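Here UniProt numbering is used: position 58 in the sequence shown is 58, and no number is missing along the way.
None of these hints come from the bench; they were simulated from the model.
Fair warning: this is a prediction, and the values are worked out from it, not measured in the lab.
Positions of the beta carbon are idealized from the N, C-alpha and C atoms, including for glycine.
One should not assume that every hint holds.
[What the hints assert, rightly or not] Ranges between beta-carbon positions, derived for each pair:
#  : residue 1 : residue 2 : range
1  : Val21     : Asp208    : 34 to 40 Å
2  : Cys241    : Asp327    : 17 to 23 Å
3  : Ser76     : Val596    : 26 to 32 Å
4  : Gln338    : Thr611    : 39 to 45 Å
5  : Gly80     : Cys241    : 32 to 38 Å
6  : Glu228    : Glu54     : 29 to 35 Å
7  : Asn26     : Gln388    : 40 to 46 Å
8  : Thr188    : Ser551    : 24 to 30 Å
9  : Asn473    : Glu54     : 51 to 57 Å
10 : Asn335    : Ser41     : 40 to 46 Å
11 : Lys149    : Ser41     : 18 to 24 Å
12 : Asn240    : Asn160    : 48 to 54 Å
13 : Cys241    : Phe425    : 41 to 47 Å
[To be verified] Here are the simulated lysine to aspartate or glutamate pairs, DMTMM-like style, with alpha carbons at most 20 Å apart:
#  : residue 1 : residue 2
14 : Lys595    : Glu578
15 : Lys558    : Glu574
16 : Lys89     : Glu562
17 : Lys63     : Glu144
18 : Lys89     : Glu168
19 : Lys577    : Glu564
20 : Lys173    : Asp548
21 : Lys560    : Asp572
22 : Lys173    : Asp208
23 : Lys352    : Asp471
24 : Lys577    : Asp471
25 : Lys149    : Glu65
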Amino acid sequence: MNFHGEAMPLVGVDGFTNLEVLIIANCQLYGPIPPWLRVSSKLQLMDLSWNRLEGPVPHWFGKFEELFYLDLSNNSLVGGIPKSLTELKCLISRNKSLQSPSPDFPFFMKRNHGGKSLQYNQVQRFPPSIDLSDNHLNGTIWPEFGNLKDLMVLDLGGNNLLGTIPVELSGMKNLENLDLSHNNLTGTIPQSLTDLNFLSSFSVAYNDLHGSIPLGGQFSTFPSTSFEGNRGLCGEHYSNCSDQQSPSGSSIRRKNNKGVIAGIAIGIVLGTALILAIAYIFVSRAFARRGCEVEDEETNGDKHVEMLGLPMVLLFQNKDNKELTVDDLLKSTDNFDQANIIGCGGFGLVYKATLPDGRRVAIKRLSSDCGQMDREFQAEVEALSQAQHQNLVLLQGYSKIGNDRLLIYSYMENGSLDYWLHEKFDGGSTLDWETRLRIAQGAARGLAYLHQSCQPHILHRDIKSSNILLDENFEAHLADFGLARLISAYDTHVTTDLVGTLGYIPPEYGQSSVATFKGDVYSFGVVLLELLTGRRPMDVCKPKGCRDLISWVFEMKKEKREAEVFDPLIYDKEHDKELMRVLEISCQCLNQSPKVRPSTQQIVSWLDSITLNEQLMK
Numbered sequence: 001m002n003f004h005g006e007a008m009p010l011v012g013v014d015g016f017t018n019l020e021v022l023i024i025a026n027c028q029l030y031g032p033i034p035p036w037l038r039v040s041s042k043l044q045l046m047d048l049s050w051n052r053l054e055g056p057v058p059h060w061f062g063k064f065e066e067l068f069y070l071d072l073s074n075n076s077l078v079g080g081i082p083k084s085l086t087e088l089k090c091l092i093s094r095n096k097s098l099q100s101p102s103p104d105f106p107f108f109m110k111r112n113h114g115g116k117s118l119q120y121n122q123v124q125r126f127p128p129s130i131d132l133s134d135n136h137l138n139g140t141i142w143p144e145f146g147n148l149k150d151l152m153v154l155d156l157g158g159n160n161l162l163g164t165i166p167v168e169l170s171g172m173k174n175l176e177n178l179d180l181s182h183n184n185l186t187g188t189i190p191q192s193l194t195d196l197n198f199l200s201s202f203s204v205a206y207n208d209l210h211g212s213i214p215l216g217g218q219f220s221t222f223p224s225t226s227f228e229g230n231r232g233l234c235g236e237h238y239s240n241c242s243d244q245q246s247p248s249g250s251s252i253r254r255k256n257n258k259g260v261i262a263g264i265a266i267g268i269v270l271g272t273a274l275i276l277a278i279a280y281i282f283v284s285r286a287f288a289r290r291g292c293e294v295e296d297e298e299t300n301g302d303k304h305v306e307m308l309g310l311p312m313v314l315l316f317q318n319k320d321n322k323e324l325t326v327d328d329l330l331k332s333t334d335n336f337d338q339a340n341i342i343g344c345g346g347f348g349l350v351y352k353a354t355l356p357d358g359r360r361v362a363i364k365r366l367s368s369d370c371g372q373m374d375r376e377f378q379a380e381v382e383a384l385s386q387a388q389h390q391n392l393v394l395l396q397g398y399s400k401i402g403n404d405r406l407l408i409y410s411y412m413e414n415g416s417l418d419y420w421l422h423e424k425f426d427g428g429s430t431l432d433w434e435t436r437l438r439i440a441q442g443a444a445r446g447l448a449y450l451h452q453s454c455q456p457h458i459l460h461r462d463i464k465s466s467n468i469l470l471d472e473n474f475e476a477h478l479a480d481f482g483l484a485r486l487i488s489a490y491d492t493h494v495t496t497d498l499v500g501t502l503g504y505i506p507p508e509y510g511q512s513s514v515a516t517f518k519g520d521v522y523s524f525g526v527v528l529l530e531l532l533t534g535r536r537p538m539d540v541c542k543p544k545g546c547r548d549l550i551s552w553v554f555e556m557k558k559e560k561r562e563a564e565v566f567d568p569l570i571y572d573k574e575h576d577k578e579l580m581r582v583l584e585i586s587c588q589c590l591n592q593s594p595k596v597r598p599s600t601q602q603i604v605s606w607l608d609s610i611t612l613n614e615q616l617m618k
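With the hints as constraints, model all of the structure from the sequences given.
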């Protein structure tokens, strides 16, 4: 639709009874949301964000049985949040499968903070969301939001909401993003929210909350910015609760405010003068050294760059010895233009680029507003700078300038395995059985190298199809080591927070904060099932009973109906035995008991034997 700066028509519009997707974002539309939309009861996705719409949020949205994505953010909507939104059937339990496939072209979801966009190649892949942020909504937050068990994103930030945060919100077990910032909420942060194991982004900043910040769960990973602007809050990563003043103490503090402020001012002045003096001496000596020690310039070049603050990029394999600057990276990505986005994740976007020497690379730009950014950056650099294998993505360099964290990888022409299996409309037909088996073998070799050959050993902790990248020959390369942990050859596990991706997380991770090699094996077993079935590990678009891939496969196996689980695009009598063998390997990887699961070296041996047997048969 080609609207811009117009009012949405209120009457005289019909014929939209079969409308499934409505996206009219960032068009400066004004006026109320038109009542004729109520006839579009088959809507699955509605995005009217970044306009100037006024009036209330229609209560009849709650009657749309297939609506799973609603974005009305950045408008001027008023009134309370309709309680009917807590009754959206597709977010309580998506029993109905979305029938018609989406065309294979990119859709972009614009976040309301930071101005970045995320790309999805099919509508069904949008995360189930309710985004009402940056409006003028008032009233309270309905406790019944806790009934939306399939909701992944709830953003109510930037409104005028009152009252307390309902403890019932902990019922949204799949929630990954909860933003209640910039409202007028009071009371405490419910301890029950620590039960949201997949909550990766959380903010209650700039409200009027008080009390201790909850401990446990994902809360230890949230930055202090998630809680700022609440004078009464205290706890880990924020302020010490023991420093909270009693009423009498507060009175004394007020009496001494002038003296404290004066003392602070004097301290700042003296401290600034001292720092400037030291800096002057340090820089003067550095330049003097640079003038008389030219012969040491090459060995100490990195120190000079770091001291003078020049925006340099470290390349591990720089054959022509030419310095690469951040300006070069900006030019190679057209200033990180949206058109160059080739992937997205929880920590940032990935861009394709061509370096001045002609090399094609992929540049991951970590989001500056992410509390775990530095942790991921350090983990990825440490892991990949020590791990070199043909089935691991090659880290070619990195840069850490200001708030930007840039990681430079070899470019993988065919993107991710997830894209070919689940996103590309006809991608599964391109991946024949021989190609899928080769991908499984390559990924297994890369994982075995991390577990047994690399020194120190590496736990990946986020094995999934979107982290298996394919080169021009569809050879597999493990990627994304942001959650990786380095351990010595004598250790068997690391203590960690519950992290990973829904559908791939081993069952034991929910019982203890311990990550092991056998946890990676479990996740790899899920990937094997994806290759065999062509299905996602957790697909809320499937009917009830078929959403959890692992449970469904084991049930079919129990009923002796194994042949029915295989992707029809690869199943035939010629490969029947090979498919059955890989299914058996996958089921061993998915054993509930970690001790019974095979090692990665065993998996490599088993998968390679399939190809060997095939060659002998020929």
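> So which of the earlier hints does this model not fit?
Replying inline: Structure breaks hints 2, 3, 8, 12, 13, 14, 15, 16, 22 and 24.
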